[in-house]
Structure formats: structure tokens, C-alpha cells
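Novice: So the protein sequences, as listed, match chains C and S. Residue numbers 1 to 477, in this note's numbering, belong to the letters of the first sequence in order. Residue numbers 1 to 256, in this note's numbering, belong to the letters of the second sequence in order.
Be aware that one or more of the hints could be misleading.
What the hints assert, rightly or not - If you want the footprint, here are the derived chain C segments under chain S, 3+ residues with CB under 8 Å:
{"id": "1", "region": "245–253"}
{"id": "2", "region": "366–373"}
{"id": "3", "region": "388–395"}
{"id": "4", "region": "435–448"}
{"id": "5", "region": "454–461"}
In case anyone wonders, no lab produced these hints; they're calculated from the structure. Virtual Cβ for every residue (Gly too), placed ideally from N, Cα, C.
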Amino acid sequence: MQPTSRDFPANARAGLVDPVLQRALGLARTGFPARRQQAIARLPEFEALREEGRRIKDHTLANLDFYLERYEAVVIATGGHVHWARDAAEARDRVLEICRSVGATTVAKGKSMVAEEIALNEHLERHGIAPVETDLGEYIIQLRHEPPSHIIAPAIHLMKEQVADTFRAAHQELDPARSLAEPRQLCEEARTILRPRFLAADVGITGANFLIAETGSSIIVTNEGNGDLSQILPRVHIVLAGIEKLVPTLEDAATLLRLLARSATGQEFSTYTTVSTGPRRPGDRDGPDEYHVILLDNGRSALLGGEFHDMLRCLRCAACLNHCPVYAAVGGHAYGWVYPGPMGAVLTPALVGLREAGHLPNASTFCGRCESVCPVKIPLPNMMRHWREREFAQGLSPRAYRSGLRAWAWMAQRPRLYHAAAALAGRGLGWFGRDRGRFRSLPLASGWTLVRDMPAPEGRTFQSLWAERQRAGGGTR
Amino acid sequence: MPEPSAPRVGLLVTCLVDLFRPSVGFAAVALLERAGCAVAVPQAQTCCGQPAYNSGDRGDAKAIARQVIAAFADYDYVVAPSGSCAGMVKVHYPQLFADEPDMRARAEDLATRTWELLSFLVDVRGMSEVAARWTKRATYHDACSGLRELGVKEQPRRLLASVHGLCLAEMPGAEVCCGFGGTFCVKYPEISDKMVGDKAAEIAASGAEAVLAGDLGCLLNIAGKLSRLGIRAEVRHVAEVLAGMTDAPAIAAPRR
Ligand code: SF4
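Hey, can you work out the whole structure from these sequences and the hints?
Specialist: Pasting the structure below:
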């Protein structure tokens with residue numbers, strides 16, 4: 001997917017006036033946080049669990065080379081194949097090679113953000129292979145040719161009426177008079193359409209929530225069971241995962257799973273948690289004949305040990321999106337690429353470049369709600385600030401903004417001059433605003449007065465009044 | 001007059017209070033004096049440097065931080081009527097000097113002495129009530145930095161509970177950001193508008209006649225939006241109410 005993060009302000013404006021999007025976001029804005037809150041209220045040790053989750057991920061990242069090699073060795077020992085992909089193109093090519101080697105014409109896909117990151121569907125289609133999304137949300141947006149707008153609820157920008165219209169347009173073979181008014185009916189219809197496609201698929205592709213070094217397993221969680229079918233029914237199973245998905249043991253994964261479900265959807269545990277280890281063994285009742293893992297770097301190893309190292313702990317739970325007031329205002333598409341919200345504001349500049357994605361870490365009030373809910377305590381605002389520092393150092397921020405800032409900073413380092421200027425500004429503005437107490441417009445402050453009034457200063461500055469009080473001997477010293 | 005043994009408090013006025021609303025500064029001084037402190041106001045302060053810091057201009061942020069560290073070197077405590085500016089000093093100054101051991105030590109020393117006003121009054125000075133009267137139904141907005149960086153939540157409510165005549169009508173989204181965010185509100189005005197618009201709607205729905213908060217940035221934003229929308233609600237810094245200094249016209253209110 002071609003990023004449009006550069007156009008964030010325009011994308012955001014479009015989102016703000018889109019009535020369907022605003023209605024959908026209005027529901028999500030309160031729903032997700034309330035469910036998370038209820039789930040953690042039932043688990044008194046949640047804070048301790050967050051600390052433990054952070055520790056597990058930090059330990060793994062500090063020894064990532066060791067765990068990756070260990071994982072590779074165990075996957076091979078269980079009969080699987082491991083492919084290392086330095087970037088998106090290499091990962092796409094590996095998938096295509098595997099599909100071609102078995103003469104595949106259709107692949108069943110479980111939900112995978114990494115597949116979005118490497119734009120896998122377009123690549124497969126271009127080479128004559130039909131990808132079928134099996135996650136309901138992904139299926140809906142695939143039919144609509146839209147990117148996901150949320151990392152765990154890809155079609156959250158739609159209401160059920162849009163989904164019904166999409167299904168009517170796509171499933172023309174079905175009775176046009178059928179009712180699609182209820183979510184349940186939409187679900188059933190998707191199920192009827194998707195079932196035979198699972199059975200027909202030659203290859204199943206899934207992402208991974210965790211890769212286990214100890215056992216060579218991959219784990220995915222879903223609420224629809226589509227992941228199981230994607231990986232069990234086809235002859236070939238390809239796991240597509242970023243290198244940061246590794247954890248040492250199943251026990252560690254269990255700890256993180258408890259954090260993940262509560263943080264993401266407020267569930268104690270996701271409905272389906274599926275562990276897959278290698279291809280089908282003699283005597284197994286099901287499973288694929290071939291098991292491949294594609295380990296994607298795509299800029300991740302470059303983050304190790306640097307300012308953005310902590311981002312590699314991310315579980316992709318989406319709690320930061322669900323609690324972000326900016327995300328709730330503009331929706332995921334505004335961010336212009338695969339990863340939206342606070343986690344996207346940190347990750348996207350690393351993956352597509354700061355020139356393209358510079359707006360994202362700027363479009364935050366640093367309210368800190370994301371960091372306060374992140375299950376692995378990623379300091380998201382601090383990292384957005386690091387991007388702003390790089391942008392400033394590289395001279396990428398707008399010229400007028402930079403010179404304004406420098407002029408203000410120059411004054412702020414000269415207290416006498418600053419106080420004199422502030423006293424003058426206070427008096428001037430105070431005098432002009434003396435009747436109404438506010439301004440409807442002000443030169444040089446149009447960004448402010450475009451949408452709200454500017455309260456008028458009281459007139460005198462505190463410093464000048466305080467100095468007067470001191471001279472009159474009224475103060476304490 | 002305070003006792004000779006009274007703790008010496010340096011007031012970090014904050015640039016917004018200095019320019020827009022000196023009443024808040026005097027209310028803070030009054031509360032600190034009632035809490036038995038000797039208050040001084042160093043002239044060598046201007047701003048805490050947050051606009052530079054959050055714009056990625058680390059160099060200027062450090063220069064301004066050095067100025068603040070020097071200006072407040074001699075006080076037992078440094079108190080700001082703002083969670084945002086107190087948080088800048090307490091949480092971010094030490095990070096700013098992470099790779100300069102000498103300055104880092106001075107920044108950490110300052111950080112341990114620095115407090116947000118309400119937190120200082122309640123947590124450090126043990127204040128549990130005030131002698132103020134204000135017959136209003138008010139709602140309280142939790143400003144983000146104070147809430148999440150410094151844990152300011154119960155302290156203002158505890159003191160407000162002792163104000164005669166005051167009835168607190170809480171908003172369900174009291175902890176949701178108002179969309180100020182320093183330069184954010186002018187860089188992304190439409191997004192900020194949506195956020196402060198939602199806040200204004202919640203205030204209106206709470207049925208409160210007044211909105212209080214502990215940070216002037218948020219208050220200017222909220223007052224500006226309420227005024228633009230024509231929603232009548234009196235907007236004040238919580239210190240004004242606690243100090244019983246509510247004679248000055250409210251923020252953005254007509255003066256005649
Ligand atoms: S940054 Fe934290 S909250 Fe956001 S998706 Fe990742 S783990 Fe979840």
C-alpha cells in the first residue's frame with residue numbers, strides 16, 4: 001500500500017466530516033475502554049502482569065539473536081522451513097515462491113498486519129493468485145478495496161448498513177430479497193461464502209501473535225476461528241511474522257496472552273488461541289504437509305538499541321488506538337498507512353520514513369493516555385517526541401514554525417526583555433479585550449481563533465503586579 | 001507573617017498565568033501562605049521550555065531548563081499552578097540532561113523539590129480543607145499531565161469538597177484530553193476543535209454552571225470553545241475557588 005501519511009491533515013479533515021465514520025468511532029470510543037476497564041478490574045494483579053510482560057519482551061529483545069537462532073533450529077527439527085526476509089519485497093517473493101512451488105491458485109489468509117505491511121494481496125493478485133481474507137473484518141474491506149483502519153478491528157470505520165451494501169454488491173448469486181439487517185445475518189452470509197473457499201485453498205497464510213523459541217511454535221488468537229481453518233485445511237501453511245514476535249517459552253506467551261486479550265477487547269482470553277508447530281506428523285489427524293515461517297525484518301533490527309527500541313515490545317493489542325482521542329476524532333485511514341494511532345505514529349516513520357510520515361508523531365497532544373494503558377508500558381509520547389527532535393534536527397519542520405519557535409526561545413532566555421515584552425503584550429491585548437473578555441479573531445493566532453475564541457489577558461502580568469506588591473512591602477519577602 | 005522556620009517556596013508562575021491570568025498566581029500565593037509557606041517569585045523565570053521541548057528543539061529546551069534550574073536553586077520547594085509545567089520540571093528535565101551527569105544531578109535535585117500546586121498543598125503540606133465559599137454547581141476537568149505524570153486526581157476534589165456551597169457534578173469523560181496540547185491546537189486546529197467540542201458538549205450535559213481545572217492551557221482552550229459555542233459556563237482555575245478569590249471576571253467572560 002502506497003502511504004498517504006504526508007496528507008494527514010487533509011485525510012483527517014475528511015474523516016472529521018464523514019458522518020458514517022463519526023458514528024462508528026463514537027461507538028468504539030466508549031466501548032473498548034469500558035470493556036478493558038471491566039476486565040482489569042476483575043484482575044487485581046494486572047499492574048504486576050504489565051511489569052512482567054515488559055520484562056519478558058525486554059529480555060527477549062536483549063537476546064534476540066540467540067532466541068531467533070534457537071527458534072529456527074527447533075522449527076527445522078520439527079520439519080518446518082524458516083525463511084529470513086530483510087524487507088517487504090523479499091518477504092513477498094518468498095510467499096510467491098512457496099505458492100508457485102505447489103501450483104497454488106488461491107490462498108486463505110488469516111488476519112495479519114505484517115501481510116498488510118508488505119502489501120501481500122496486491123502482489124499475489126498481480127501474479128495470478130487469489131488471496132481470500134477469512135477474518136470477517138478483513139473480508140469486508142477486501143471486498144471494498146480499502147485498507148484496514150484499525151489493527152484488530154479492520155472494518156471499524158463502517159456501520160452494519162455499509163457492510164450489508166457491500167455484501168449485496170459482492171454476493172450477487174444470493175437472493176436479492178434476503179434480509180441483512182442484523183449483524184448475525186451478515187456473519188452467517190460471510191460464513192456461507194467463505195466455507196468452500198477454505199476447503200479450496202491450496203495455501204493458508206497466517207500472522208503470528210507470538211513465536212515460541214522453546215518449541216518452534218507460532219500462536220495466533222482470533223475470535224472467529226478463521227485462523228485455525230486457514231492453517232489446518234490447506235496443504236501448506238505459511239506463518240508471516242516480524243522478528244520481534246519472539247518469546248522464549250510457552251509460559252511467557254501465556255503471560256502475554258493474559259495481557260493481550262484484556263488490553264485489546266476486554267476479554268479474559270480470546271475465543272480461539274491456536275498453537276501450531278511444524279507440519280503434520282505421522283498419526284496427526286490434521287495439519288499441513290508443509291510448514292513455512294517467514295521472518296520479516298523490514299527495519300525492525302535497526303530499531304534495536306536505539307531511541308525506538310521499546311517499540312519492539314508492541315503486542316499489537318490496539319489499546320493505544322482505542323484510548324487515543326486523536327484516533328477517535330479522525331479514524332485510522334487518516335494516518336495514511338498500515339499502522340494508525342499512537343503505535344503507528346511511532347512505527348510508521350521508522351518503516352516508511354520521516355519525510356513521508358512526519359505529521360503522525362506531531363499530531364498528538366501528549367495526553368499520555370496511550371502509555372497509561374499500554375500492556376507492555378511503551379513510552380509512546382516520549383518516542384513521538386524523539387521523532388519531532390529528528391525532524392527539527394534535519395530541518396524538516398515548516399520554516400515559519402521553526403523561526404517563530406526560535407524567536408520565542410531567544411526571548412525566553414532573556415528574562416528582562418521577556419518580562420517587558422509580556423507586560424506590553426498583556427496591556428495591549430487586555431485593553432483591546434477589556435469589554436468582551438475574548439477575541440473572535442486575532443492576527444497571528446488564526447489557528448486558534450479559527451475554531452474557538454481567544455480569552456483576553458487580564459491586562460497586567462503577574463510579574464509586574466508582584467514587583468509592585470514587593471515595592472509596596474505587601475509580600476512575604 | 002509566616003514563621004521563620006516556614007518552608008521557602010519558589011513560585012513557578014508559568015508563562016500563561018503570567019501573561020493571561022495573574023489572578024491565578026495570586027490565588028496560588030494565598031493558598032501557599034495559608035499552608036504556612038514563605039513564597040518568593042524569582043524574576044529570572046520566563047517559561048519552563050515545554051514549547052521548545054515538545055517541538056523537538058532540544059537545544060533551546062535545555063537552555064531554558066538551565067535558566068529554571070539556576071533560578072530555583074535556593075528554594076526548599078518549587079510549586080507551579082500547572083500540572084503540565086510541574087511535570088516538565090519533575091519528569092522531563094532529568095531526561096533532558098540524561099547524558100550530562102552534572103546537570104542531570106541538578107535537574108534531579110530540582111525534580112524532587114518541584115510540585116504541582118494541589119498535590120503540594122494536600123500531599124506535602126497535609127491541607128485537607130479550605131475556608132472558602134462558592135455557591136455553584138461545578139464540574140472538574142482533569143488536565144492530562146497532572147493526572148498521568150503526577151497523579152493529581154483526588155487532591156483538588158478533596159479540597160473542593162470543603163468549599164461551602166460548591167456541588168461537584170462529575171463528567172464521565174473528565175480524564176479525556178481537551179485537545180489543547182500546546183502547539184497541537186494551532187497545528188491541527190480541526191482535530192483540536194473536535195476534541196474541545198466534545199469536551200464542551202460534556203460540560204453542557206453535566207448541567208454545571210462552572211468548569212474548573214488546574215492548568216491554564218486547558219482552561220483557555222475550553223473557555224474559548226464554550227464562548228464560541230455560546231455555552232454559558234464560568235471557567236476558572238481551581239486555585240481561584242479554593243483561595244476564595246473569585247471576584248475577577250471568569251476566563252473569557254465579558255468584563256462590562
Ligand atoms: S503500543 Fe502498546 S498499546 Fe499500542 S498496540 Fe502496541 S502493545 Fe498495544
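Novice: Each of the hints needs a verdict: does it hold here or not?
Specialist: Tested hints:
{"no.": "1", "hint": "245–253", "verdict": "violated (count 0)"}
{"no.": "2", "hint": "366–373", "verdict": "holds (count 6)"}
{"no.": "3", "hint": "388–395", "verdict": "holds (count 6)"}
{"no.": "4", "hint": "435–448", "verdict": "holds (count 8)"}
{"no.": "5", "hint": "454–461", "verdict": "holds (count 7)"}
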